[in-house]
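Chemist: Full structure from sequences and hints, please.
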Amino acid sequence: MSLTYGAIGWNRQKKIYDLVLACGIVLYLSLFIGLGAWLNPGATVETLLIRGFGTCALLLLHIVLIIGPLCRIDARFLPLLYNRRHLGVTTFIMGLAHAGLAIFQFHALGDLNPFVSLLVSNTRFFSLPDFPFQQLGFGALVILFLMASTSHDFWLANLSAPVWKRLHMSVYAAYALLIAHVTLGVLQAETNPLLAAALGAGLASVISLHLVSGSREVRADSHSSLSSFDGAGEFVDVCSVDEIAEKRARIVTLAGERVAVFKYDGKISVLSNVCQHQNGPLGEGRIVDGCVTCPWHGFQYLPDSGASPPPFIERVPTFRVKVDGGRVLVNPRPLPPGTRVEPARIDANASG
Amino acid sequence: MISSLRRHHRQAFLVLAVVLPLIFAAGLLVRRSAPVAEAPPVKLPTASDRSGLVAWDEAGLRLGSGADYLDVVPTGAAGFPDILLYWSPGSPEADTPGSQAILLGPIDGVRAQRFPLPDFAREFDGYLIAWSLAHRRAVAVRAWPKGGLR
Ligand code: HEM
Ligand code: FES
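So the protein lines, in turn, are chains A and B. With the numbering used here, you'll find the first sequence wraps up at 408, consecutive numbering, no jumps. With the numbering used here, you'll find the second sequence wraps up at 680, consecutive numbering, no jumps.
Hints may be right or wrong, so weigh each one.
Stated by the list, open to error - Short derived list, chain B residues pointing at chain A, Cβ under 10 Å: (1) Ile-632; (2) Leu-633; (3) Val-640.
Stated by the list, open to error - Just so you have them, the derived chain A footprint on chain B, three or more residues with Cβ under 8 Å: (4) 541–547; (5) 550–557.
Because the hints were derived from the structure by calculation, they are not lab data. For every residue, glycine included, the Cβ atom is placed at its ideal position computed from N, Cα and C.
Modeler: Right under this line is the structure:
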């Protein structure tokens, strides 16, 4: 929740996260280079570094890509999501180190400009085994660069979360390019089955986790999707009050969008399920200190108005709500973000 | 995420779930079988062959010669992949082929090879130099008096 866009807000969790990340990378690179030098005494330092950085970047990208579905499947993975963008930026930095060394090693020592050489030295686009795989890596690097450079909340706020999300969804294009980069590149010559097996396992885990969590979402949406309007034709019966745990929400799909129905202190309030920050699922969060708290990075909103408590300025749409005979009725038309709505009282309506 | 984004995400992912395994499988299927260097077994010289040969130690080679040829027989796997053999006039202090050197040919290190000697080698004292192209250094140098070994 940033009012001004200073440097990234560093808090304790982020520091721990980054420390673990940095130690993991140092450990990985030293193991890779140490073992590599031991097992292949003939390998040069440049080759070991190129391979170490490349595989490290690809490993990080796999982690980045499975965090999302893992969190949908089990909330215990949420801490991983908290600082996922640092993982992403680190992926870019590792990829850059790999690419920089590769360009130096394979393209800088001739008389052609290294970047021209990168793009023109192999143009056999119609042959799979000779495919210009380095251009594929370059394409992926450009995407990772765009993402890393727009990762700050400044860009998020200025592009708006949906546009930013769309931009950042091109990570899947980068991933596809990299799978091709490695399959058509090093795997064409590397006969050790370990690398192919590792890549296959990574690919299988990314795809299967996404398919599993995606099909769950589709099912959840179709269960919670409501279209039966009450007599007045304005309010939709979304659930019973008893189905919602105290200080928690139930997520329902109204007119195609998800909304979060929160129960707290004998009251019901309904907000958009979509956090203003990075579109996290507000309905999976809790009410903490009287505020709806996003499970992803902890942005907070007042449940009755959908506005962040001052001095913060984020706001989400709210919905009119009433309780009748123990049922929660919601008007599916969203109100402008930050509009205060009187919460529905549960006890006053309990008798019906 | 808002629902339109979720839909795009889902569609994009379904495409990837089909395309990526295809790329991966196709990539593995088109792999060319790795070319294995067909190393003809080093036919180590028999005792009788060896009688006429002199060792040229550092290069792991033995040399023999006739009137106008030079035999090079490897005694084991050569430590260098790219040895070029030169004859050069002059004295063997030099550790490069020198401007007057004559290339006899590449030593492949796995077979006995016979190189024709240039006429000059019969008329002048000179030296043989085995030169590693990649390492840019002499692997071995030895004097080659005119008329060859005898
Ligand atoms: C301009 C961009 C890039 C160039 C020129 C490039 C070049 C190369 C080259 C020449 C290899 C084969 C190296 C070898 O045989 O040892 C390679 C392999 C690889 N690359 Fe890239 N690459 C680029 C971008 C990337 C990026 C952005 C990533 C990951 C985020 C990546 C990941 C890998 C991996 C995992 C391998 C296989 C392991 C290895 O051999 O290094 N590459 N790349
Ligand atoms: S998405 Fe980041 S706090 Fe909600």
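Chemist: Could you tell me which of the numbered hints above are not met by this structure, giving the numbers in increasing order?
Modeler: 1, 2 and 3
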